[in-house]
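Student: Each chain, written out:
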Amino acid sequence: MHIAEGFLPPAHAAAWTAAAAPFVIHGVRSLTQAVRANPDAKLLLGASGAFCFVLSALKIPSVTGSCSHPTGVGLGAILFRPPVMAALGTITLLFQALLLAHGGLTTLGANVFSMAVVGPWVAYGVYRLVRALTGALPETTSLGLAVFCGASLASLGTYTVTSLQLALAFPDAQSGVPGAFAKFGAVFSVTQIPLAIIEGLITVVIVRLLITASRSDLLRLGILRADAAATEPADGKAV
Amino acid sequence: MTPPDTTGNAPAVLSGSRLRFGYDAAEAGPVFDALDVEVRREEVLAVLGPNGGGKTTLLRLLSGSLAPQAGTVRLDGAEVRWNRRGLEELRRSVQLVFQDPDDQLFSASVTQDVSFGPLNQGLDTGAVRERVAWALEALGITALADQPTHLLSYGQRKRVVLAGAVAMRPSVLILDEPTAGLDPAGVESLLETLEGLRSAGTTLVVSTHDVDLAYRWADRALLLDRGLLGVGPVPEILGDPSLLAAARLRPAWGPAVGRALRKAALLPDGAPDPATPEEVAEITGE
Amino acid sequence: MTPPDTTGNAPAVLSGSRLRFGYDAAEAGPVFDALDVEVRREEVLAVLGPNGGGKTTLLRLLSGSLAPQAGTVRLDGAEVRWNRRGLEELRRSVQLVFQDPDDQLFSASVTQDVSFGPLNQGLDTGAVRERVAWALEALGITALADQPTHLLSYGQRKRVVLAGAVAMRPSVLILDEPTAGLDPAGVESLLETLEGLRSAGTTLVVSTHDVDLAYRWADRALLLDRGLLGVGPVPEILGDPSLLAAARLRPAWGPAVGRALRKAALLPDGAPDPATPEEVAEITGE
Amino acid sequence: MLAIDAAAYRSPWRRLHPAVKGIFCGGLLVCALALPAWPGAALTAAVVLAAAFGPAGVPPRAFARAAWVPLGFILTGAVTLLVSVGGPDGAVAWDPDGWQRAAEICGRASAALLCQLLFAFSTPLAELLPRLTRIGLPSALVEIIALIYRMLFVTLDTARRIGLGQAGRLGYTSRRAWIRSVGALGATLFIRSYDRARRMQRGLECRGYTGDLRVLVESLPLRAGQVLAAAAPPLLVASTALGYGVLL
Ligand SMILES: Nc1ncnc2c1ncn2[C@@H]1O[C@H](COP(=O)(O)OP(=O)(O)OP(=O)(O)O)[C@@H](O)[C@H]1O
Ligand SMILES: Nc1ncnc2c1ncn2[C@@H]1O[C@H](COP(=O)(O)OP(=O)(O)OP(=O)(O)O)[C@@H](O)[C@H]1O
Ligand SMILES: [Mg+2]
Ligand SMILES: [Mg+2]
Chain A
1 MHIAEGFLPP AHAAAWTAAA APFVIHGVRS LTQAVRANPD AKLLLGASGA
51 FCFVLSALKI PSVTGSCSHP TGVGLGAILF RPPVMAALGT ITLLFQALLL
101 AHGGLTTLGA NVFSMAVVGP WVAYGVYRLV RALTGALPET TSLGLAVFCG
151 ASLASLGTYT VTSLQLALAF PDAQSGVPGA FAKFGAVFSV TQIPLAIIEG
201 LITVVIVRLL ITASRSDLLR LGILRADAAA TEPADGKAV
Chain B
1 MTPPDTTGNA PAVLSGSRLR FGYDAAEAGP VFDALDVEVR REEVLAVLGP
51 NGGGKTTLLR LLSGSLAPQA GTVRLDGAEV RWNRRGLEEL RRSVQLVFQD
101 PDDQLFSASV TQDVSFGPLN QGLDTGAVRE RVAWALEALG ITALADQPTH
151 LLSYGQRKRV VLAGAVAMRP SVLILDEPTA GLDPAGVESL LETLEGLRSA
201 GTTLVVSTHD VDLAYRWADR ALLLDRGLLG VGPVPEILGD PSLLAAARLR
251 PAWGPAVGRA LRKAALLPDG APDPATPEEV AEITGE
Chain C
1 MTPPDTTGNA PAVLSGSRLR FGYDAAEAGP VFDALDVEVR REEVLAVLGP
51 NGGGKTTLLR LLSGSLAPQA GTVRLDGAEV RWNRRGLEEL RRSVQLVFQD
101 PDDQLFSASV TQDVSFGPLN QGLDTGAVRE RVAWALEALG ITALADQPTH
151 LLSYGQRKRV VLAGAVAMRP SVLILDEPTA GLDPAGVESL LETLEGLRSA
201 GTTLVVSTHD VDLAYRWADR ALLLDRGLLG VGPVPEILGD PSLLAAARLR
251 PAWGPAVGRA LRKAALLPDG APDPATPEEV AEITGE
Chain D
1 MLAIDAAAYR SPWRRLHPAV KGIFCGGLLV CALALPAWPG AALTAAVVLA
51 AAFGPAGVPP RAFARAAWVP LGFILTGAVT LLVSVGGPDG AVAWDPDGWQ
101 RAAEICGRAS AALLCQLLFA FSTPLAELLP RLTRIGLPSA LVEIIALIYR
151 MLFVTLDTAR RIGLGQAGRL GYTSRRAWIR SVGALGATLF IRSYDRARRM
201 QRGLECRGYT GDLRVLVESL PLRAGQVLAA AAPPLLVAST ALGYGVLL
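Protein chains in written order, with our numbering: chain A, 1 to 239; chain B, 1 to 286; chain C, 1 to 286; chain D, 1 to 248.
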């Protein structure tokens, strides 16, 4: 859910840009450090960024019968870690604004904050937490659960933050920010909650397939435990 | 425009009439307009033309992967409706195999990939398993069943994709440049496999740049260069150098050599043109 | 193994001796072992073989994109060192163009992309600009100079990648299946372009599956199927059906038809075999 | 493949320096955001549309199609302003002043959106991205951004073709199949992207790549006259709108 160009008052747009800036600067710094340490990382990062963009342009079924798009935030954060996602996510959002007119340039900061900062951190935090809690379960189950929770809560997290951003900009005449938050939350929940669940399911399918087909990449990215990955046969069929 | 050929008498299993399609307004007009095409039961129809001539576009229109902007596609005489139901029906009977196998391989293992279509047809697990085994058998790749797809060679991937289409038991199999990127031995063995499918009753539509291949294998040929240039029995169409030149294709060896050999009385007048260099060698008795 | 051909007398500009390479231990041994190969100044050397025969591997070894596990590569007689300095030198003289243009196109605009190689050679902006203009001219794509690469057709992208290599003014240009995916007209115009480069003094090494193409265009042919099967002047190598069969290639039309025509006395005994169907038609006087 | 991108390369304004278009569209964007919505937003919108369909030659159909999604968001968002919650009139009640606020926001945001679209429709990213180093971004980052832009189209094309292949095998006929298909598509794209990066590495090494993706950036002249011409319409809109306010 991208806030369109011009929808936020200038002061809010500026404030959210300032709020997102430190995360993005940190992300860019870790990106450039990765490249300095290993120049070959440049092409991999290029490919990862393109992957993030295309992922968020895929069509997924939604309740209203029309098509929607996943955020891709959860998968991105799990694969690439939140700091890198802050940078890649910002680039993705910039391209979405200029190539698809999804989201704006003055509202880029606000969208970055919800989709490239909060979303990835929620995804990563939840993913790590569930992974730790389900350590006793078989690897595939644990990973599946963690990925599902991470991806769907990240999607919900971005939607919550966006509703909050809108509520702060347009408080309700009677009940102020909380009332407005309820209004925006309600209007967008119709589409966003089912989408979050579907995105969670899809992300599980993706990660499971990757385990069989791209084990070495996942090991390198640190998604799989090296010991379990060697033994656990994963069935690619899910859902 | 050449009128649809009427010498054969097999019924049309798939046909398009007055098809129009253009990718976008900015381009120099539609790829083709008012194109008539007919695919007859159990024939091999070769679609030839230069790069950008519209071969892929036509195959996509016939297989329901693109909707025509005007005109109709008919399957067994019934007009195809471009809604979900109509498309589903079309896709049960008509399967398109793309040029690049990587565009159609997306599962981790061969069996999984081949089972994708039958599962979507709503078959139960037992039936799917049977279909997969049968399709792998038909393509001669039973040994690859458990292989992960990304470790296969190009030729093997082409076969797996074909198995995925064949497993859906289409009556028409449409192949976009099936031999591109294969070495001659690979082409031969693919042709053998396709011959097997055809004798089991599958109709084949094949696009290619290879005039010699079409010449020796297809029943009818259709020349396309942003519009129909000609359609008819292979000897008629591919034996006509001026028609081929119009389609920016080079002439086939077979007819040229056939003429030469007939002139030299090495080939009797009624005999067919040689289709391969081996046949030439045979004719000259080596 | 056929001993290296010694009929020609042009010096070797690039050569490999006793080359060994295998991708990994899991595979059934190395792709080849103790392979000798010689590329002579200003010739066109065609490398033929079945899928997986090792054509791409050999081309990558010769161009410094893979280091041999044993054996040496020599450029103008001097052994190539597999360090940064040595590779840099090799790449100034030898350029490899991959089969898939998307492997080598990284920039969004044609001019930018073509300028990448010359800039890496340390040329100044003015010289780079000149080189780019010249390379685009040589490939006949000056009109595409400020097009974005992602809006180009496959054939156009192939040309842009070639321009990127040509802009580095290599003395040896190595092309992996340059005609794959091109239609006959595209092949013709590419061949013309390459002929232009060759007459300007570039040595060409070309891998292909197309026996007829190699037959009509190359000076020497090298047959490879996980090991050298034969190397020598084209008529000798590609005129030998048993050698071709060993490389799992089908025979060329030219020699077969030539034999037939000579037998029929349509072609004098010393005359070369026809290289295209058009030439057959000419010989029979049509 | 992407309508906005394709149109940008055909735009008559393509040859203008990005800064000129930035001043024009950015200036109008400021007008849309900062001026009183009436008549500021309306004036801005009128000027942008006149420029877009006049000299900038933007194809109207593509423009409308691109505007559709963000307009949907703006309208949905504005609808919430029509009601208020938790007031004395019950849990949900019509807000008497709501429509005015909603109209104001719709107008402002739509005008701003048009400015953004005009910039996007007339500025090819291939010409914008290499210039980002000039505004102080690290060159490694700019190279990555440019790479993403190039690889995006290769990946999009792959995604489109795999999607078509799946549809041909009835992969999108039920919701379950749909989820399975999108999942398989996403996984394949990831694998393909990494493979693509490795192959490109090899391909570029042959061209002398050692870690830098330096290319020749054609310099476009930044003419003072063009800058002034670009700055004039926003200034004119601003003064008209402000003058209108004073007169009232
Ligand atoms: N997805 C697309 N978007 C826009 N234009 C397209 C697209 N696909 C094809 N075209 C254009 O449509 C025309 C016909 O293309 P098509 O792919 O059908 O030709 P083809 O005969 O299959 O060529 P090839 O031999 O190269 O496969 C070409 O001009 C091509 O540029
Ligand atoms: N990157 C790689 N990793 C592992 N094995 C490889 C790799 N590239 C090629 N091979 C293997 O090495 C052998 C030679 O491959 P190569 O690509 O050189 O053949 P080729 O003659 O170019 O074939 P084609 O005609 O299909 O292009 C094959 O068995 C192939 O499977
Ligand atoms: Mg095609
Ligand atoms: Mg190869």
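I should point out that these hints are in silico values taken from the structure, not numbers from a laboratory.
What you are looking at is a predicted structure, and each value in this text was computed from that prediction instead of being measured.
Please note: incorrect hints may appear among the correct ones.
[As the list claims (entries may be wrong)] With the Cβ distance kept under 10 Å, some of the chain A side facing chain B (calculated, not the full set): (1) Ser175; (2) Val177; (3) Ala186; (4) Arg208; (5) Leu209.
Just so you know, even glycine gets a beta-carbon here, dropped at the ideal spot from N, CA and C.
Student: Output the indices of the hints that this structure fails to meet, ascending.
Tutor: Hints 1, 2, 3 are the ones this structure does not satisfy, whereas the remaining hints hold.
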